[in-house]
Amino acid sequence: MNISSIPPAQVADRAASAVAIRGTALEKSYRSGKVSTTVLRGLSLEIGLGELTLVSGPSGCGKSTLLSLLGGLLQPDAGRVHALGVDLWALAARDLERFRLEHTGFVFQGFNLFGALSALEQVMLPLGYLGLDSGTARLRAEEALSEVGLSDRIALRPSALSGGEKQRVAIARALAKQPQLLFADEPTSALDAASGQRVIEILHRIARRHNCAVLCVSHDPRLIGQSDRVLQMEDGCILADRRQFEQKELTA
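At position 167 of the sequence shown (counting the first as 1) the number is 167 in the numbering used here, and the numbers step up by one without a gap.
Any given hint could be a false lead.
[Unchecked claim] Label-pair restraints from in silico Cβ distances:
no.	residue 1	residue 2	range
1	LEU101	LEU156	39 to 49 Å
2	GLY225	PHE108	20 to 30 Å
3	PHE114	ALA93	38 to 48 Å
4	ALA92	ASP152	35 to 45 Å
5	GLN75	ALA240	24 to 34 Å
6	ALA240	GLY115	37 to 47 Å
7	ARG205	ALA78	29 to 39 Å
8	LEU130	SER151	37 to 47 Å
9	ALA116	ALA194	26 to 36 Å
10	LEU156	GLU234	39 to 49 Å
11	ASP77	ASP152	43 to 53 Å
12	ALA78	SER189	26 to 36 Å
Derived by calculation from the structure, the hints in this document are not laboratory data.
Beta carbons are placed, not taken as given, at the ideal position from N, Cα and C, and that holds for glycine.
Let the sequences and hints guide you as you build the complete structure.
Right under this line is the structure:
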């Protein structure tokens with residue numbers, strides 16, 4: 001399938017579906033010399049639009065690998081990934097890159113900011129690859145920075161920002177693309193308690209306000225209370241799938 005052959009209206013219809021991402025029978029192993037380690041074991045799941053889904057579990061259980069597979073960054077050994085109705089690994093490499101550019105945003109533990117660029121320039125950068133003119137890109141970047149509470153920090157470079165502010169710039173950079181799918185890999189692990197809490201609240205607000213599927217992998221227990229859904233992983237499998245509103249109803 002070629003993503004460029006899919007009419008925009010058809011992609012929009014698919015995006016309107018409650019299921020944003022579907023992974024089916026996903027398997028992934030890594031080899032080091034003669035030793036092969038299985039990370040994902042026939043895992044299947046669906047991720048919905050408009051909610052923050054947390055994947056939690058011990059180190060090495062496959063959380064980050066799962067995020068990379070669902071985000072189109074890593075190809076599974078077996079199984080399929082459908083995002084917004086598109087079979088990602090049926091796409092040519094160039095079409096997959098375009099899909100990620102147009103429909104996904106990524107936030108990582110290490111921020112991935114450029115030292116020589118201001119906060120505004122960081123956020124504007126990917127918008128140029130989307131083909132936006134500089135005026136439109138600047139406006140959209142300013143709006144995204146305002147949404148994460150950094151309107152007064154747009155001219156500063158990373159060296160002048162705190163860890164929490166750097167992560168909010170990274171979130172704004174993803175948000176400015178107006179993605180339907182947002183992936184966050186340990187977004188609070190390098191932050192103090194107050195900064196981490198603010199980042200969590202921003203991610204949850206993005207899911208609700210923008211009807212975006214936000215998938216977060218984290219060890220941070222604070223995310224459990226803010227997430228709409230919690231998937232507990234261990235040894236490459238999902239052991240539990242809990243929705244927070246269901247828990248609240250059961251304990252009310």
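*Output the numbers, in ascending order, of every earlier hint that fails for this structure.*
1, 3, 8
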